[in-house]
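Colleague: Heads up: the sequence lines are chains W and P, in that order.
With the working numbering applied, the first sequence covers 1 to 327.
With the working numbering applied, the second sequence covers 1 to 328.
Errors might be hidden in some of the hints.
What the hints assert, rightly or not - Among chain W residues calculated to face chain P with C-beta under 8 Å, some are:
id, residue
1, Ser157
2, Gln191
3, Gln193
4, Asp263
5, Lys269
Source of the hints: derived by calculation from the structure; they are not laboratory data.
All values reported here derive from a predicted model rather than from experimental measurement.
Each residue gets a CB set at the ideal place from its N, CA and C atoms; glycine is no exception.
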Amino acid sequence: MATLLQVKGLKTQFFTQDGVVNAVSGIDFDLNEGETLGIVGESGCGKSVSVLSLMRLIPTPPGRIVGGEAWFQGRDLLSMDNEEIRSVRGNKIAMIFQDPMTSLNPVLTICQQVSEALELHLGMDKSQARKRAIELLELVRIPDAASRIDDYPHQFSGGMRQRVMIAMGLSCNPQLLVADEPTTALDVTIQAQITDLVRQLREEIGMAVIWITHDLGVIAGLADRVNVMYAGYIIESADVKDLYADPRHPYTLGLLGSIPRLDEVRKAKLTPIEGLPPDLIDMPGGCPFASRCRFALDRCLEENPQLETVARRHTVACWVDVAGGKR
Amino acid sequence: MPNNDILLEVKDLKMWFPITQGIVFQRHIGDIRAVDGLNFFIRRGETLGLVGESGCGKSTTGRAILQLYRPTAGDVYFEGQNLTKLKGEALRRMRRKMQMIFQDPYASLNPRMTVGDIVGEPLEVHNILKGKELRERVMELLEVVGLNRYFINRYPHEFSGGQRQRIGVARALAVQPDLIVCDEPISALDVSIQAQIINLLEELQEQFHLTYLFIAHDLSVVRHISDRVAVMYLGKIVELTTRTELYDNPLHPYTQALLSAVPIPDPALEERRKRIILTGDVPSPANPPTGCHFHTRCGVKIEGTCDVVEPEFKDVGELHWVACHRVA
C-alpha cells in the first residue's frame with residue numbers, strides 16, 4: 001500500500017501569558033492509503049492540535065507550528081502558502097468535528113452548507129451542486145433527503161447533524177477524512193449508527209481515515225492502526241490487535257486497566273492511573289509519564305525515551321520492557 | 001449483601017412539565033412527560049444503576065426522588081415515610097439523609113466559596129456542628145475522600161476536575177446520609193481519572209454503608225458499579241434486573257440494542273460481534289408514541305399490539321422485570 005501521509009517531527013506550541021505550552025512535542029507517523037488510524041489520548045494530550053496543525057487550522061497567534069514536515073501526495077502541507085492549503089483543505093482532506101450542534105451554521109439551510117464546497121472546489125453551478133448535495137445526503141442515509149435539504153440545522157437531531165457534517169466532508173471525494181471525536185457528543189445507539197456508516201463509506205469510497213477519540217472501545221472496532229498520545233508525544237503505536245493484546249507502554253496498560261468492560265465477568269476493582277497529567281507549560285525533564293508510572297526507574301526521570309521498535313509495526317517510547325517483565 | 005431492608009420505594013412516579021402558550025394568559029397546551037410512571041425499590045446498602053440515553057428522564061427521576069422537583073403523581077417512600085406528602089421543616093430533616101453528587105464538577109461548586117465553606121455548608125445548614133469542631137470535621141472529610149486536609153482554605157479553581165469531584169463527594173458525605181443520588185458523577189472526567197472516582201465511591205459505600213442510585217449513560221460503568229440495573233427509555237423503565245442477568249439474559253429489545261451498541265475495547269471481539277443498529281432517533285417526550293414507547297424503533301414489534309397497547313411492567317422471576325409484549 002502506498003503511503004498517503006507522512007508526518008515527521010511535528011511540533012506545535014502556544015505562546016501564552018503564562019508561558020510556552022508544548023501542545024505537540026515532535027511526533028512522527030505514517031498513514032497508508034485506505035487505512036484507518038486511531039489517535040487515542042486524554043484531554044490536553046495534543047491529539048486534536050496535531051491534526052489541526054496538519055490542516056493548518058491552528059489559530060496564530062497564540063499558536064505556532066514550530067517545526068516538522070507533513071508530506072501528503074508529494075507535497076509538504078506545513079510549507080504550503082495559504083492559497084495552496086485552501087485547495088487541499090476540504091477538497092483532498094476533509095474534517096468533521098466533535099460537536100455537530102456548533103459546527104453547522106444555524107442561519108443557512110443544509111443545502112447551502114453542503115453545496116458550498118462543491119461550488120468552491122469543484123466549480124459546480126447552483127443546480128448541479130444541489131443535485132449532488134441530495135445525492136450526498138442519500139449517501140449518508142438521511143431519509144427523504146430531497147425534501148429535507150432545505151431544512152435548517154435546528155430541524156435535525158444530533159445524529160442527523162453529524163451525518164450532514166460527514167456528507168459535507170465527503171463532497172469532494174477526499175483521500176483522507178479527519179474525524180475529531182465525532183461521536184463523543186452523541187448517545188451510544190447513535191454512536192453505533194455513525195461508526196457503522198463510516199465503516200461502510202470507507203469501503204465504498206476507499207478513503208483513509210484519522211479518527212481521534214478518548215474512547216478505547218470505539219477505536220477497537222474501527223481502526224487498523226492506533227497511536228496513543230500522552231502530553232504531546234506519541235508513546236505507543238501499533239496495529240490495533242497488537243495494541244490491545246500486547247500493550248507495551250505503562251500508560252496504555254493503565255488506560256486499559258482503568259476502564260470497566262461491558263463483558264467483564266465479576267465485579268473486579270479497577271486499577272486507576274494515580275495522579276494527574278503533567279503541566280504542558282512546565283514539562284518535567286525525562287519521560288512525561290514518569291511521575292504516574294508504576295514501573296518508573298531513575299533513568300525515566302532524567303531521559304525522555306524515543307519511540308523504539310519492539311515488534312513488527314509496533315513502536316514504544318519507554319525505558320522499561322513491560323511485556324518481558326524486565327525492569 | 002442482598003437483604004430485605006428496603007430503603008427507598010418508588011410507586012408510579014410521574015414528573016410532567018407543562019408546555020404553555022401565550023404571554024399574559026398562559027394556556028396549558030400539553031406536557032413533557034419526562035418521567036411517566038416508575039416503580040422500583042432500592043435496598044439498604046445496594047447500588048441501583050439507572051441507564052438510558054439523553055432525554056430519557058433519568059436525571060429527572062433522581063431529582064424527583066429527592067423532591068427537588070415535586071412529582072406530578074406517585075409516591076416516594078424513604079424509610080417508610082412518603083416524601084411527597086412532607087413539607088417544610090419535616091422535609092428538610094429528611095433531606096439530611098439523602099444527598100446528591102452532580103455531573104459537572106466545574107459548575108456544581110461555587111467559585112467564590114472556599115473548600116471549607118463548600119463542604120461545611122450542609123453541616124451548618126442542618127445545625128450539626130459549628131466553629132472549631134466544624135473545621136475539624138471538614139478536614140476529616142477531605143482526608144476521607146483522598147484530599148489533603150490543608151486544602152480547606154483553597155478555592156475550587158485551584159483543583160483539577162477529579163479533585164473537584166472529590167470535593168463534591170465530601171460535601172455529600174458531610175451530613176452522613178443513607179442515600180446518595182449520583183447523577184453522572186464521572187461523565188465529565190478523563191478516562192484515567194474516572195477509575196479513581198469509581199473506586200472512591202465503592203470504598204466509601206463499604207466504609208459508610210451507603211446506598212446509591214447511580215445515574216449514567218455508560219452501560220459498562222453502570223454494570224461495573226451496580227448490583228441491579230434499570231434501563232430507561234422515554235420516561236419509563238423498560239427492564240430492571242441484576243447486573244449479571246442484564247448482560248447474560250437481556251429480554252427487552254431496547255436493552256439488547258443498547259448492549260450491542262456499547263463498544264468493547266477488544267478488536268478481536270469487536271470483529272465477531274453482531275450489532276443491532278437502531279434506526280432513527282428517540283421520539284419527543286412531549287408527544288410520545290402510542291402503545292409501547294419503543295415500537296417506532298423496534299425490530300421485533302407486533303403490528304396491532306405494540307403500537308396500540310402499552311406493555312405491562314411484568315415480573316418474570318429471578319428479580320427480573322420487563323415491559324415488552326414479546327416476553328411471555
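Colleague: Now look at each hint and say whether the structure bears it out.
Modeller: Status of the hints after comparison with the structure:
no. : hint   : verdict
1   : Ser157 : 4 Å, holds
2   : Gln191 : 7 Å, holds
3   : Gln193 : 6 Å, holds
4   : Asp263 : 6 Å, holds
5   : Lys269 : 6 Å, holds
Checked against the numbered hints listed earlier, the structure breaks none of them; every hint is satisfied.
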